[in-house]
Amino acid sequence: MRVQAKAMAATSGSARRIESGGRGRADRVSSTASGPAWFMRAAILAGLGAAFHVFVFPPFSWTWLAWVAPLPVLLMLPAPSAAKAVIAVWLFGTLWALGVVAPWMTPALQALFGLSSLQTAGMLLLVCQCGLPFALLGWVLHAGRPATPSGACCSRRQRG
Amino acid sequence: MSVEYLRAHVPFGTPWALLGLALAEAPTVAQIADVGGAYAISFTLVLASAALAETIAAGAAWQRLVPALTATATILGLVLGYGTFRYAAIRAAVAKAPTTRVALVHPEIPNAERLNPRQAVKLFEQNLTL
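From first to last, the protein sequence lines are chains D and Z.
So the first sequence is numbered by my numbering: it starts at 1 and just counts up by one.
So the second sequence is numbered by my numbering: it starts at 1 and just counts up by one.
In isolation and in its complexed conformation, chain D is listed as follows (with noise of 0.2 angstroms):
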């Protein structure tokens, strides 16, 4: 991938300037871009994002802490490929379903409307839902960040 970046680069006219130092986000992909190591950063920054998200809201209501809570999510990108992009917001976006809907929700199906823990686990399921739109973002953010000397790495012939 780093390779593959610097190739780019230089049919951009840009390599002098992502190997002089430019942290852009040419480097944020090729220093993440292996596999299993790329996707536990995404992960840890789904859980951190989602758990930001719910830390927000009440029991807790740190509202402060809303100015930074996409964050995490907007550090996941650029992500190596559409997918991975895709996968990794929808990840934040089903983890921050469950942890916001999750612990009032069980309760009150369970107290208020008799469901067994199946049919708990279920509603649950389905709850994940909500994160279906947020792997839009994933691909709308990956598809439209700008081919910028700094992003050379990530234009569309080498997206995945």
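Hints listed in this document are in silico derivations from the structure and should not be mistaken for laboratory results.
A portion of the hints provided could be inaccurate.
Every beta carbon over 12 angstroms from chain Z, so not counted as near; a handful from chain D, in silico [claimed, not checked]:
(1) 44
(2) 47
(3) 117
Label pairs and their computed distance ranges (CB to CB) [stated by the list, open to error]:
(4) 85/Z x 108/D: 39 to 47 angstroms
(5) 63/Z x 110/D: 49 to 57 angstroms
(6) 128/D x 100/Z: 42 to 50 angstroms
(7) 81/Z x 113/D: 41 to 49 angstroms
(8) 83/D x 119/Z: 50 to 58 angstroms
(9) 74/Z x 113/D: 26 to 34 angstroms
(10) 55/Z x 116/D: 26 to 34 angstroms
(11) 117/D x 24/Z: 31 to 39 angstroms
(12) 114/D x 99/Z: 43 to 51 angstroms
(13) 50/Z x 41/D: 15 to 23 angstroms
(14) 58/D x 34/Z: 20 to 28 angstroms
One side only, chain D facing chain Z, incomplete, derived with CB under 10 angstroms [what the hints assert, rightly or not]:
(15) 53
(16) 54
(17) 57
(18) 63
(19) 69
(20) 96
(21) 97
(22) 110
(23) 113
(24) 124
(25) 127
(26) 130
(27) 133
(28) 134
(29) 137
(30) 140
Fair warning: this is a prediction, and the values are worked out from it, not measured in the lab.
Backbone N, C-alpha and C fix where the C-beta goes; we use that ideal spot for every residue, glycine too.
Keeping the supplied structure of chain D fixed, place chain Z upon it in accordance with the hints.
Coordinates of chain Z only, in the frame set by chain D:
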């Protein structure tokens, strides 16, 4: 912001926990909601995070972000300025407005009884006594 709007309307419509709602009790920032609803507050918050994320990503080359950061600071300043102006106007209007006394009644009826037609008369009378 678009994702929040999307998930609030499709596929099942779940407008839970919009990020902007977190600042409902921060009246200065929240005033922007009269322009674009809770989504406008979310936009403000995401804008701040995006600026921070880009700055972190740029590292030593952060100087190239000066125009973008300036634009972000301007927008945030406008939001806060509008909020300050609007909130002051609202407080002034509230101070001048006539007052009246209202009461809220919550009968705390169990869910099983609330949906039972046989309980309707009893519940109606219970509400009347409150």
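Holds or violated: is there a CB of chain Z closer than 10 angstroms to the CB of residue 140/D?
-> holds, 8 angstroms
Status of the hint placing residue 96/D at chain Z (closest C-beta pair under 10 angstroms) | holds, 8 angstroms
Lying within 31 to 39 angstroms: is that true of the beta-carbon distance residue 117/D to residue 24/Z?
-> Once the Cβ atoms are compared, 34 angstroms apart, the range 31 to 39 angstroms for residue 24/Z and residue 117/D holds.
CB of residue 63/Z to CB of residue 110/D, is that within 49 to 57 angstroms?
-> The hinted range 49 to 57 angstroms holds for residue 63/Z and residue 110/D, with Cβ atoms some 56 angstroms apart.
Is 42 to 50 angstroms right for how far apart the beta carbons of residue 128/D and residue 100/Z are?
-> holds, 46 angstroms
Look at the Cβ atoms of residue 81/Z and residue 113/D and judge whether their distance stays inside 41 to 49 angstroms.
-> holds, 47 angstroms
Using 10 angstroms as the Cβ threshold, decide whether residue 57/D counts as touching chain Z.
-> holds, 6 angstroms
Could you check the hint for me, namely that residue 85/Z and residue 108/D are 39 to 47 angstroms apart, CB to CB?
-> 41 angstroms Cβ-Cβ, so the 39 to 47 angstroms window holds.
Hint check for residue 34/Z and residue 58/D - Cβ pair distance inside 20 to 28 angstroms = With a Cβ separation near 24 angstroms, residue 58/D and residue 34/Z satisfy 20 to 28 angstroms, so the hint holds.
In this structure, is the beta-carbon distance linking residue 50/Z and residue 41/D contained in 15 to 23 angstroms?
-> holds, 19 angstroms
Report holds or violated for the interface hint on residue 113/D, using the least CB-CB distance to chain Z and a cut-off of 10 angstroms.
-> holds, 8 angstroms
When you take the CB atoms of residue 83/D and residue 119/Z, is the distance between them in 50 to 58 angstroms?
-> holds, 54 angstroms
Hint check: violations occur at hints 9, 10, 22, 24; the rest are consistent with the structure.
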